[in-house]
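> So the chains spell out like this:
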Amino acid sequence: MASRNSSSDAQLEFVLEVPFPSQREASIALQALSPDQEPRRRGITKTLGASACTLSAKWTADEARILRVSVGSFLDHLALVIETMDVFGQPVLQ
Amino acid sequence: MTVVIGFEGSANKIGIGIVRDGEVLSNPRRTYITPPGQGFLPSETAKHHRSVILTVLQEALDEAGLKPADVDCVAYTKGPGMGAPLVIVALVARTVAQLWEKPLVGVNHCIGHIEMGRLVTGARNPTVLYVSGGNTQISNDPSPGYNIEQMAKKGKQYVELPYTVKGMDVSFSGILSYIEEVAHKMLSSGQCSAEDLCFSLQETVFSMLVEITERAMAHCGSQEVLIVGGVGCNLRLQEMMGVMCEERGAQLFATDERFCIDNGAMIAQAGWEMFRVGQTTELADSWITQRYRTDEVDVAWRD
Chain A
1 MASRNSSSDA QLEFVLEVPF PSQREASIAL QALSPDQEPR RRGITKTLGA SACTLSAKWT
61 ADEARILRVS VGSFLDHLAL VIETMDVFGQ PVLQ
Chain B
1 MTVVIGFEGS ANKIGIGIVR DGEVLSNPRR TYITPPGQGF LPSETAKHHR SVILTVLQEA
61 LDEAGLKPAD VDCVAYTKGP GMGAPLVIVA LVARTVAQLW EKPLVGVNHC IGHIEMGRLV
121 TGARNPTVLY VSGGNTQISN DPSPGYNIEQ MAKKGKQYVE LPYTVKGMDV SFSGILSYIE
181 EVAHKMLSSG QCSAEDLCFS LQETVFSMLV EITERAMAHC GSQEVLIVGG VGCNLRLQEM
241 MGVMCEERGA QLFATDERFC IDNGAMIAQA GWEMFRVGQT TELADSWITQ RYRTDEVDVA
301 WRD
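Chains A and B, in that order, are what the protein sequence lines are. Under full-length UniProt numbering, the first sequence has 61 at position 61, and the numbering climbs by one with no breaks. Under full-length UniProt numbering, the second sequence has 20 at position 20, and the numbering climbs by one with no breaks.
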């Protein structure tokens with residue numbers, strides 16, 4: 001859910017929680033998705049973490065447009081990682 | 001026995017190759033071809049790579065007759081190149097490296113070209129000319145440079161074009177803006193044909209490349225030349241470089257389009273060299289980078 005801080009800098013925040021079938025898969029996803037820097041470094045921050053079976057992603061951004069681009073891109077990348085685990089994860093991820 | 005799988009996707013080619021101790025077991029590749037007159041842009045290229053990468057990965061394993069357990073190391077292009085496609089490829093490489101519990105090796109794309117060139121040709125310590133196309137503004141099927149090459153073969157008249165070499169540096173911006181200005185006039189006045197322009201362009205640009213290669217050889221006392229990169233497929237370039245080499249008593253090495261053009265096996269081969277001297281990449285350090293100088297790489301596998 002995106003929300004604005006009540007403070008005057010009016011930053012947007014967005015939090016995403018992605019459940020995985022196991023802690024290992026959440027960890028694999030985190031380590032695949034976290035190394036690359038955001039292409040646009042000003043006006044947006046993204047923080048990734050994993051706890052138990054959940055991958056979490058938290059954004060702060062100055063503008064909705066910038067936030068949308070980053071979240072959209074993250075979801076595309078997340079989908080690719082998940083599909084890769086589906087196709088090439090057997091029998092490792094039984 | 002050391003088996004390395006390599007992932008390449010820094011420009012419009014996506015390739016995944018498997019190498020076992022100097023033998024290329026598989027090297028499937030797909031090329032993102034844009035409509036005529038258009039170059040390839042990062043986000044579209046990334047979409048293309050994303051749509052085929054898992055299919056190509058399966059092909060690489062199937063053609064090599066291997067299972068993931070048979071792979072010892074996962075190599076991928078860390079850079080240089082276009083950011084969005086580099087990320088797509090790195091994501092899959094990082095994921096399978098973790099799934100299969102194999103070490104990861106981040107490879108410099110240019111080093112990949114060089115190491116595959118050395119493997120295929122047997123050149124020991126060559127001066128390397130790495131010459132690559134990227135994109136240009138004419139028909140893109142099969143590739144702009146190939147089309148220029150075919151037209152150039154039919155050219156008869158040499159037209160003088162700007163030639164810019166300063167020491168070890170070349171510049172193509174002068175020749176490009178000159179052609180943009182005068183080509184239309186020259187063609188419509190019948191002064192020369194498009195084939196003549198292509199021919200003249202090649203003669204000029206390739207002469208510049210031969211000049212700087214010769215200068216590098218003189219500086220380093222080198223008697224071997226290796227041409228890598230997509231433009232290395234060009235027969236006229238190979239011919240001109242061959243003439244210079246013969247005059248110096250040096251040897252010319254060139255590869256064919258399987259390895260001149262970006263491919264996964266070249267990344268696997270460079271990865272193989274790096275892995276064997278213990279140069280692996282921690283996941284946290286496996287970020288891709290658009291700028292990655294060839295001379296930044298610690299070539300620990302060679303004296």
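Read the hints as simulated data drawn from the structure, not as lab findings. Please note: incorrect hints may appear among the correct ones.
Cross-link-like lysine to any residue pairs, in silico, SDA-like; alpha carbons within 25 angstroms at most [as the list claims (entries may be wrong)]:
{"#": "1", "chain 1": "B", "residue 1": "47", "chain 2": "A", "residue 2": "83"}
{"#": "2", "chain 1": "A", "residue 1": "58", "chain 2": "A", "residue 2": "68"}
{"#": "3", "chain 1": "A", "residue 1": "46", "chain 2": "B", "residue 2": "289"}
{"#": "4", "chain 1": "B", "residue 1": "102", "chain 2": "A", "residue 2": "87"}
{"#": "5", "chain 1": "B", "residue 1": "47", "chain 2": "B", "residue 2": "80"}
{"#": "6", "chain 1": "B", "residue 1": "154", "chain 2": "B", "residue 2": "257"}
{"#": "7", "chain 1": "B", "residue 1": "102", "chain 2": "A", "residue 2": "46"}
Negatives, chain A to chain B, calculated, CB over 10 angstroms [to be verified]:
{"#": "8", "residue": "11"}
{"#": "9", "residue": "15"}
{"#": "10", "residue": "16"}
{"#": "11", "residue": "23"}
{"#": "12", "residue": "32"}
{"#": "13", "residue": "34"}
{"#": "14", "residue": "35"}
{"#": "15", "residue": "36"}
{"#": "16", "residue": "44"}
{"#": "17", "residue": "49"}
{"#": "18", "residue": "51"}
{"#": "19", "residue": "52"}
{"#": "20", "residue": "53"}
{"#": "21", "residue": "62"}
{"#": "22", "residue": "83"}
{"#": "23", "residue": "84"}
Label-pair ranges, simulated between beta-carbon atoms [claimed, not checked]:
{"#": "24", "chain 1": "A", "residue 1": "90", "chain 2": "B", "residue 2": "21", "range": "26 to 34 angstroms"}
{"#": "25", "chain 1": "A", "residue 1": "23", "chain 2": "B", "residue 2": "215", "range": "52 to 60 angstroms"}
{"#": "26", "chain 1": "A", "residue 1": "90", "chain 2": "B", "residue 2": "39", "range": "18 to 26 angstroms"}
{"#": "27", "chain 1": "A", "residue 1": "23", "chain 2": "B", "residue 2": "180", "range": "57 to 65 angstroms"}
{"#": "28", "chain 1": "B", "residue 1": "1", "chain 2": "A", "residue 2": "24", "range": "27 to 35 angstroms"}
All C-beta atoms in this analysis are idealised placements derived from N, C-alpha and C, irrespective of residue type, glycine included.
> Can you name, in rising order, the numbers of the hints this structure does not satisfy?
7, 12, 13, 14, 15, 22, 23 and 26
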